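Put the complex together from the two separate chains, hints included.
Keeping their order, the protein sequence lines are chains A and B.
The first sequence begins at 1428 in the working numbering and counts up by one.
The second sequence begins at 392 in the working numbering and counts up by one.
Watch out, some of these pointers could steer you wrong.
DSSO-like cross-link-like pairs, simulated, lysine-lysine; straight-line CA separation at most 27 Å [what the hints assert, rightly or not]:
id, chain 1, residue 1, chain 2, residue 2
1, B, K571, B, K719
2, B, K571, B, K438
3, B, K881, B, K719
4, B, K881, A, K1476
5, B, K881, B, K571
6, A, K1695, B, K481
7, B, K438, A, K1695
8, B, K719, B, K690
9, B, K481, B, K438
FRET-style restraints, in silico, Cβ to Cβ [what the hints assert, rightly or not]:
id, chain 1, residue 1, chain 2, residue 2, range
10, A, Y1472, B, R776, 50 to 56 Å
11, B, A563, A, R1678, 39 to 45 Å
12, A, D1711, B, V624, 27 to 33 Å
13, A, R1708, B, H506, 57 to 63 Å
14, A, R1449, B, R542, 42 to 48 Å
No lab work stands behind these hints: they were computed from the structure.
No experiment lies behind these values; they were computed from the predicted model shown.
Glycine included, every Cβ here is placed at the ideal spot set by N, Cα and C.
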Amino acid sequence: MNIDLTETNASAVAGALVRARRSAGSPAMGMVLTLVVVTDEAGRYDALKAATTVSAEHPSRILGVIRRSARGAARLDASVKIGNNTSGEVVLLRASGELVHHTESAVLPLLLPDSPVVVWWPDHAPDDLASDPIGRLAQRRISDSATARGKRGALMEQALHYAPGNTDLAWTRLTPWRALLAAALDQHPVRVGGATVAAERGNPSADLMAAWLAVRLGVDVNRRGTRGPGITEVRLETRHGDIAVSRPSGRSATFTIPGEADRPVALKRRDAAELMAEELRRLDEDDVFAEVMRAFARTGGDSDGSMAAVRRQRTPAGANGRRRRNTTAGGKDSQA
Amino acid sequence: MIERIAATQRAEADDNPLRDPQDRRLPRIAGPCSLVIFGVTGDLSRKKLMPAVYDLANRGLLPPGFSLVGFARRDWAHQDFAQVVHDAVKEYSRTEFREEVWNQLAEGFRFVPGHFSDDAAFEKLRETIEELDEVRGTGGNHAFYLSIPPRFFPDVVDQLKEHCLSDSQGDAWRRVVVEKPFGRDLASARELNDIVSQVFPPESVFRIDHYLGKETVQNILAFRFANSMFEPVWNSNFVDHVQITMAEDIGIGGRAGYYDGIGAARDVIQNHLLQLLALVAMEDPISFDARSLRIEKQKVLASVQLPDDLASHTARGQYAPGWAGGVKVGGYLQEEDIPDSSTTETYAAIRLEVGTRRWGGVPFYLRTGKRLGRRVTEVAVMFRRAPHLPFTHTQTEDLGHNALVMRIQPDEGLTLRFGGKVPGTAMEIRDVTMDFAYGGAFVESSPEAYERLILDVLLGDPPLFPQHEEVELSWQILDPIIDFWAAHGKPEQYPSGTWGPATADEMLACDGRTWRRP
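Here chain B stands alone, though its shape is the one from the complex (with noise of 0.2 Å):
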């Protein structure tokens, strides 16, 4: 007999005797639960949403009986709805493809079609969702992806309410995830939220920015917080200023329908940008919860300040006809469904400060667009060069500023760029660069963002979704400057597969700098 060990003071009821705070090598497995996606059709759901549910099903993390409804305007049965998932598994998944893992998932398989303002076809989401909680036991909690456009939300939120889907009794939950855009200004954003928060409290709504992974997050905040070398440098008497770009070197693809009319400004800076500006300036968090985070992160938002002078801090283009990579590609306004007038920007690039101690007077710069050199996140920090050089003008000719890259896409890593001697008799510094790349792909490692995501959503575990006060912050920074720019003509064209419109430049040269190629 292996020994009784302290067998009382372990087997209280309300607590796991199972769990051990030091036994890190548990992975936490939500409990029963399915997901409903509505929109499951669309490109998000078949390329990311499908794959990272059975990859979180082949690593194990997904609960015994757990199901996935597709609700979507389509005539298909339960089995056709099955053979579309299982055909973007197969293409997209990250893991290997594994018959026994399938045929578990695909039995907790269910589609209801239907409209979004179709009484019946609810009616019979209610009834799917209680058989599953009969079959599948997955005792009343339920997840309801909305990978739709933000103007289906009110009809949607509002038949959960209808038909009491909404309701969650006793123990079990129901959650809203929301996509980015969270709305396309603060007012509109406030609408939204209203109508969300009517049926659904704020815990439960979790808003979802995919470009910022959880991963990605957490690594930012690991180097900042766990290491004392950056932290001394990270303010305005060594920081000369900071970069933060994300380009892509694709064009709008087919999503006029979404793109037109919402441009980059509102795609990415809104969420993505402000985020990660958010996350490089603020002050150290107290602890590490949802919580604390917020805090720090609103704090940063809410000190943001604009440039007095919008027209020339602040930048905007439209890609035209050019060659891209080696591709001749045609222009925004030849795309198709894109009216000849559109002024919506596919560039934008502004100018913010910080309102700190620790920032005043660092100009932070941000860009995004669409069809630029190469596809590339970063967040560059470029310090002021020193203040004396004990070497002759030739002999530093070539030395820049340093930098500290945090590199976020497509290469997760950081790159620091300083000064060192050129090989040779003569005295020569020019600068080089020192990488470190974070892991790369393998059996666990880098979990797909849209995989941690999920599984935040079905622990119930939201600390790095954005909440609905930094949605609003980030809103009242952009709003001026989009109501500007919708005052003052037309963006700027700028040949696609170069990095972005002349007056981009001329936003930072008149500040004596430069941007940094990525």
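Extracted from the complex, chain A is given alone in its bound form (with noise of 0.2 Å):
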């Protein structure tokens, strides 16, 4: 069911919930927490799709927030749509005039009582999300640096202002490549004395990888680029070899350890609804991001945000001389 409301205001809205919930036969929602996300109208169809598909395993009210043109009256627009394939409620607020700086006001009475509070931020993140007025509401922060204006300044802004509860899908997109390299390890427990990662350039989610290799492995990680898409390989030398997963194509990878075959494994890069889905199963701190971030705005708050310190290596030079170039034929997209 769908009511819409133009000229609105917050407690409107809400009787309105309360209406189509009514007319849909009050059924069960049993919603778990209330998902805000502030976009645009070009990204409100790609963004609610993803938080309509997550609702299904986080059954929740979805708070789409659109800042429209400052200029003009202050209003608020809002449809109120439920059932229709969603589990849960979906509120889309569109703000006009002065109260594009003041949307929060329309958000806080919306909230579930007491469930927590994500706000998701699918392409323009504010720097500082735990002191953003929406960003305040909420438990959990997720922004995206590889969809935000100039990628790498976007992570290090998130980095320098890092605040629990802030998480970044660049760092939730390494989650498969960080599976396996664990897995690698635990297979081949052997320290490992350096570590190559190469990607696209400018693409954060290498930024992360080799941040979180640096601080766990204590070594220097050297930065190759490649022509992506995304992260193409993670090498991580040993005395008995390398250990490597490679992904030149973006679909299937090749997992490499010392001593046998070479596996394909699949390693997919994964949209929107599946990122979000993993961010929504733990809403507390994330002690290793925070402790990445962390590394990772140490290591330059250079003006043009890219990591000079990180020595840079463009000619394969393996422990063994077994890296291959990397030809693929490249995606647009720069995540993981």
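If you want it as structure tokens, here you go:
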């Protein structure tokens, strides 16, 4: 059921939610959280689609917040949707005029009682999530440095303003990579002497991967620019030979550990809904991410945000000379 | 350069520096290994095991190089086997079909044709496994899944031993997975256990009860022990009785050979319903590790008491022809390959008590059946009525017992039932319900029970698999009832599509209670 409201306010929207629920026969909702999605008209469709998909796993009240032009009179339009293949409630709030600077006032009354609040900026996150007026309402704040303008800079801003409860989808994208690398060391518990991350330039996930490896392994991490898409290879040097996960195509990857034949592994680039589903599974602080962000922040605060100190290596120079050239059909996007 | 941080203390050789207990995003991926399925042509294997293996691969939880070996009496080559798995995966898998995942997985498929008594076939199996260790790097880690009738267990287990397939060397492991039923009575369960335990140590034997997925068990444990508001009423002071139901709307299908002579009690009550009873009735474990949980469950099972008068406190039935869900169906005795004289019950209901301070005097009613009203599994905790009601009798005529229902299938969740006032000027109180549903099925959520089970086997993580002691205790509870039934005539007929025989209703009526309609 859809209810559209024009020139409205939060209490009328709350009333519409109750009406919509009643007319659907007051089904059991059991919503576990409020998910606020701050986006614009261009990104609205994809973001809300991902959010409603996630809602099947984490039944939630989804509040889409769209800031329109700041000119003209303050005005709030809303549309309320219940049912229609979503397991929760979706409210789209469109703010214009002076209200664009005070959207939190429309969001606050619509938060579900008691349960956690998550804010997701699918495209343009503020630099300091935790002091953003809407970000302040939430326990969990999710940005996506890969989609932000000036990508490398965006991740550095997030790192400099890191606060507990912040996460970034560039980090979420790394989980399957990290799982594979950890599994490799489970199998081969051997000291790692060096590491190389090869990725498309300006890929925030690659920055986080390098920082994570440096923090956890205590080694220098070399960087290598490739044509992508995303991260194309991570290589750990050990005295028995290299451990490597390489994914030149963005789809399937090759897993190499010393003394055994190379094996293909599936390493899919996940879509926004899958990433968000992973994010919402834990709402407490991600301590490992915090540590990685701190390490990343220390690496370079130069004006262009690039990590000048990280040694870049363009020529293949692996420990055993086995490194392949990455010739790929590069994807446009820069996800991991 | 990214700084060196506490490098030396972290890079100890024996623990993995990339793992951190705080890092709860990282899933555990099983180490290199293979899964060998005996009886790979069976329904269970096609509908559940193969899709579960694919789904695990799709979620990135299988190790690189994971291999799947099929063993059956078919004249297949590896490709034929791969085709069968392909079809099964396409039809039954939970997650989307992705070519690259499939290709990665299919490289590790092997098929070994042969009988369970055929030495050459097991020799071939050993060669296959050794080849996998070499080519796919499975490192000597192999799990044998016996998806076969229990009468073949001795053959297969002996063959595994004979051909040195059960010995593990060094860090490598060999595990064996057996499906319920774990025997058909106490004696045969012990016999079965003797056979398996001669070859595999107890920690390598995984008994799978797929009805009771790990997710469900964990939901029940979390509900009971993570909350403060339910535990105070979880005892005989407040609970009137407990009803545990597992109902199926289908008949025995093509499983006549398996089902006849086994019956509902052995098939479902012995493992599934008694496990549910144990989870609902147990005290809090000191921790959630395998051992502590097992100790608590065993205590409950050991304190179960049977009624003295088995005739009036148990009931059994056989489904008769009738209309079930708008379809005309035949009775049990009309099913193919079922003899007219069969006394196998398709419905069983029993009353048990748990002899502890917490539960003394609270009956637990367990029932299961085929061709009942609908497919449902639930545990209903029925509370006592309030000791005093400040309302007149007419005002509360429609008020029943408060109830807390843990729904397990098909729509996992909780229902709380309590009295509410009917809108209007008159004071009229009636039962209302409040529902909670565990999350729906999506990207990675609610993994099918089999995925969890297989992953646990590969990880060697046995917390929720019943151990042999639990199996024995369950048979000790059920054996006297089955013996009593065997000595006392035939099960009563009940029309298909109803909630069981009249004697089941009488069984509760003599305690002044009624079955809940689930």
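So which of the earlier hints does this model not fit? Of the numbered hints given earlier, those the structure breaks are 1, 4, 8, 11, 13, 14, listed in rising order.
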